[in-house]
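S.K.: Each chain, written out:
Number of protein chains: 4
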Amino acid sequence: MKIKFLTTGGTIDKVYFDSKSEYEVGPPQVAELLREANATFEYEIESILRKDSLDLTDADRALIHDRVAADPCSHIVVTHGTDTMILTARALTSISGKTIVLTGSMQPARFRVTDAEFNLGAAIAAVQILPPGVYIAMNGRIFDPACSRKNVANNCFEEIS
Amino acid sequence: MKIKFLTTGGTIDKVYFDSKSEYEVGPPQVAELLREANATFEYEIESILRKDSLDLTDADRALIHDRVAADPCSHIVVTHGTDTMILTARALTSISGKTIVLTGSMQPARFRVTDAEFNLGAAIAAVQILPPGVYIAMNGRIFDPACSRKNVANNCFEEIS
Amino acid sequence: MKIKFLTTGGTIDKVYFDSKSEYEVGPPQVAELLREANATFEYEIESILRKDSLDLTDADRALIHDRVAADPCSHIVVTHGTDTMILTARALTSISGKTIVLTGSMQPARFRVTDAEFNLGAAIAAVQILPPGVYIAMNGRIFDPACSRKNVANNCFEEIS
Amino acid sequence: MKIKFLTTGGTIDKVYFDSKSEYEVGPPQVAELLREANATFEYEIESILRKDSLDLTDADRALIHDRVAADPCSHIVVTHGTDTMILTARALTSISGKTIVLTGSMQPARFRVTDAEFNLGAAIAAVQILPPGVYIAMNGRIFDPACSRKNVANNCFEEIS
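Protein chains in written order, with the numbering used here: chain A, 1 to 161; chain B, 1 to 161; chain C, 1 to 161; chain D, 1 to 161.
It should be emphasised that the hints constitute simulated quantities derived from the structure, not laboratory data. Please note that a few of the clues may not be correct.
Copies of the same chain are indistinguishable here, so a pair counts whether it falls within one copy or spans any two.
What the hints assert, rightly or not - Here are the computed lysine to any residue pairs in the SDA-like style, where the Cα-Cα straight-line distance is at most 25 Å: (1) Lys51 <-> Ile129; (2) Lys2 <-> Phe17; (3) Lys2 <-> Glu24; (4) Lys51 <-> Leu92; (5) Lys98 <-> Leu130; (6) Lys51 <-> Ser161; (7) Lys2 <-> Thr57; (8) Lys2 <-> Lys98; (9) Lys98 <-> Asn155; (10) Lys98 <-> Glu24; (11) Lys98 <-> Asn151; (12) Lys2 <-> Cys156; (13) Lys51 <-> Arg90; (14) Lys2 <-> Leu54; (15) Lys2 <-> Leu130; (16) Lys98 <-> Phe17; (17) Lys2 <-> Ile160; (18) Lys51 <-> Phe41; (19) Lys51 <-> Val15; (20) Lys2 <-> Asn154; (21) Lys98 <-> Val15.
No experiment lies behind these values; they were computed from the predicted model shown.
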């Protein structure tokens with residue numbers, strides 16, 4: 001089973017440029033994370049955006065939708081900033097016949113302590129097992145974007161009760 | 001859904017004691033890994049053995065079997081050394097009505113570069129989604145212990161063709 | 001010999017707040033770095049500012065000067081952002097009878113790959129050995145602030161030739 | 001000023017071979033540590049032994065002595081296991097006209113939490129500043145090997161009172 005990774009930016013890919021004393025979205029970290037995890041399944045990585053998810057526009061979301069829909073692969077992991085991950089996930093629910101899992105991280109993958117590897121591992125297991133549909137893999141749980149949200153105060157995802 | 005972690009030792013839990021210039025199985029790393037990953041599901045961790053998996057005896061495997069079988073939780077992750085993980089997994093296949101996922105790592109969780117978080121994330125997603133049965137989560141894949149093995153030369157798990 | 005650490009912020013202390021998708025100066029990392037390095041000398045840590053060094057004002061520099069001058073300890077390490085480290089160092093040269101070493105890092109201490117521990121180790125050795133005066137410890141070298149600068153393009157300190 | 005690094009093995013260079021479930025002395029970590037620290041001084045690295053320091057023989061110590069003595073560089077850092085670091089340092093005291101600093105680490109450089117970068121930074125500052133002689137840089141302190149020892153119980157170096 002081949003997995004396609006589409007990367008859009010977000011905290012998971014943030015790097016630090018000292019020369020500007022700023023923190024910016026860098027190249028996708030997925031490739032390095034998979035190499036370090038000694039992943040042995042077939043995969044392909046494509047960077048389609050490099051943005052903080054708060055900066056994603058409707059046009060960006062349309063682009064993500066079209067790239068996922070057009071992709072020949074039926075198992076797709078989208079790495080994404082957490083702030084609007086739910087919004088993008090909902091924009092993908094019209095796509096049928098594909099298992100699509102969105103994930104990201106609360107701390108950049110380059111940090112010594114980060115949830116990036118853990119979330120990526122969960123997303124990869126989920127995308128291989130779940131039936132077609134759109135899912136969020138965060139905090140060790142699998143969420144249905146139709147009835148979940150990011151709890152900004154607690155810095156985690158949760159179901160809407 | 002509550003997940004029970006039963007830890008048995010293995011590389012994932014190896015620490016380094018400089019005073020003896022040796023590398024030994026330490027306390028379970030799962031608790032710290034889950035905290036760092038900001039896991040929000042309900043869980044419980046129990047350490048039942050602290051051994052290199054090459055040192056596990058038939059009695060140890062019987063103990064693991066009995067603890068898994070007796071546990072009230074129906075979703076169980078067993079952390080385990082990789083060398084005999086398949087053997088222990090096969091010893092658990094007689095247990096019905098539970099989803100059991102074994103995982104571990106090739107590099108200790110305390111290393112800067114390790115597959116521990118990634119494998120744990122994959123195991124946790126798998127144990128929540130898969131139907132009752134026994135599975136191995138390693139290298140970003142889900143294996144059936146009946147037809148898989150550790151490829152020692154390539155340092156990864158693979159299907160027996 | 002007792003060493004006093006005065007922390008002023010800078011990249012070394014930067015943390016990431018996912019809730020704001022921003023990167024800010026957090027609490028001083030020196031305490032944790034010294035604990036992890038198993039440091040056994042006598043020391044005291046005092047946080048006097050928490051700023052990006054580009055944001056330091058003349059009043060801030062006067063404050064740093066006064067705190068260093070008034071400190072009873074004669075061996076002082078100042079952690080500081082790199083962009084104006086030279087400027088602050090020069091503002092301290094009027095203080096006599098104390099060995100003062102400024103250091104910081106190009107990558108935050110919380111990153112997996114960072115120069116923070118290395119620079120701190122160098123600063124600590126330097127402050128114990130060097131005669132009274134003001135020094136910069138960066139890139140594995142000891143600089144005289146009177147004739148050195150930060151090379152922003154190369155992201156390192158260098159002598160002015 | 002050029003610094004020569006002579007590596008002899010020890011905990012600092014230990015890696016983990018999962019295929020053997022063992023922990024062994026690997027290639028010298030100094031090169032990677034210096035690259036990560038963005039070191040800008042001139043240096044050269046030479047691996048002369050790859051041993052746990054408990055396994056060093058008199059012949060090994062004679063070899064280290066001869067290599068240090070013959071080296072054209074007058075500023076030398078020797079990375080070394082901690083258990084017999086003092087012994088090797090004492091064997092080098094007959095060499096005149098060179099500043100020689102021995103260092104190593106209590107936790108392997110490849111660990112997420114390690115004293116390797118910190119100790120290396122301290123050794124590098126010390127070797128540039130100190131007059132000719134033989135020194136130990138550990139725990140953020142500079143020791144005279146004639147009157148210091150490793151305290152195995154406390155896992156640190158200390159002066160002999």
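S.K.: State for each hint whether it applies.
M.R.: To see whether the hints hold, each was checked on the structure:
1. Lys51 <-> Ile129: Neither: 29 Å inside a chain and 31 Å across chains, both beyond 25 Å.
2. Lys2 <-> Phe17: Answer is neither; intra-copy 34 Å and inter-copy 29 Å both fail.
3. Lys2 <-> Glu24: neither (30 Å within a copy, 36 Å between copies)
4. Lys51 <-> Leu92: within (18 Å within a copy, 42 Å between copies)
5. Lys98 <-> Leu130: both (10 Å within a copy, 18 Å between copies)
6. Lys51 <-> Ser161: neither (30 Å within a copy, 41 Å between copies)
7. Lys2 <-> Thr57: neither (29 Å within a copy, 38 Å between copies)
8. Lys2 <-> Lys98: Classified as within: same-chain Cα gap 12 Å, cross-chain 28 Å, threshold 25 Å.
9. Lys98 <-> Asn155: Neither: 29 Å inside a chain and 32 Å across chains, both beyond 25 Å.
10. Lys98 <-> Glu24: neither (31 Å within a copy, 39 Å between copies)
11. Lys98 <-> Asn151: For Lys98 and Asn151, the Cα distance exceeds 25 Å both inside one copy (28 Å) and across copies (32 Å).
12. Lys2 <-> Cys156: between (29 Å within a copy, 18 Å between copies)
13. Lys51 <-> Arg90: Classified as within; 18 Å inside a copy, 40 Å across copies.
14. Lys2 <-> Leu54: neither (30 Å within a copy, 33 Å between copies)
15. Lys2 <-> Leu130: both (14 Å within a copy, 19 Å between copies)
16. Lys98 <-> Phe17: neither (37 Å within a copy, 34 Å between copies)
17. Lys2 <-> Ile160: between (33 Å within a copy, 19 Å between copies)
18. Lys51 <-> Phe41: neither (28 Å within a copy, 29 Å between copies)
19. Lys51 <-> Val15: both (12 Å within a copy, 20 Å between copies)
20. Lys2 <-> Asn154: Classified as between: cross-chain Cα gap 20 Å, same-chain 35 Å, threshold 25 Å.
21. Lys98 <-> Val15: neither (31 Å within a copy, 37 Å between copies)
Figure legend: structure checked against the earlier numbered hints; hints not met, in rising order: 1, 2, 3, 6, 7, 9, 10, 11, 14, 16, 18, 21.
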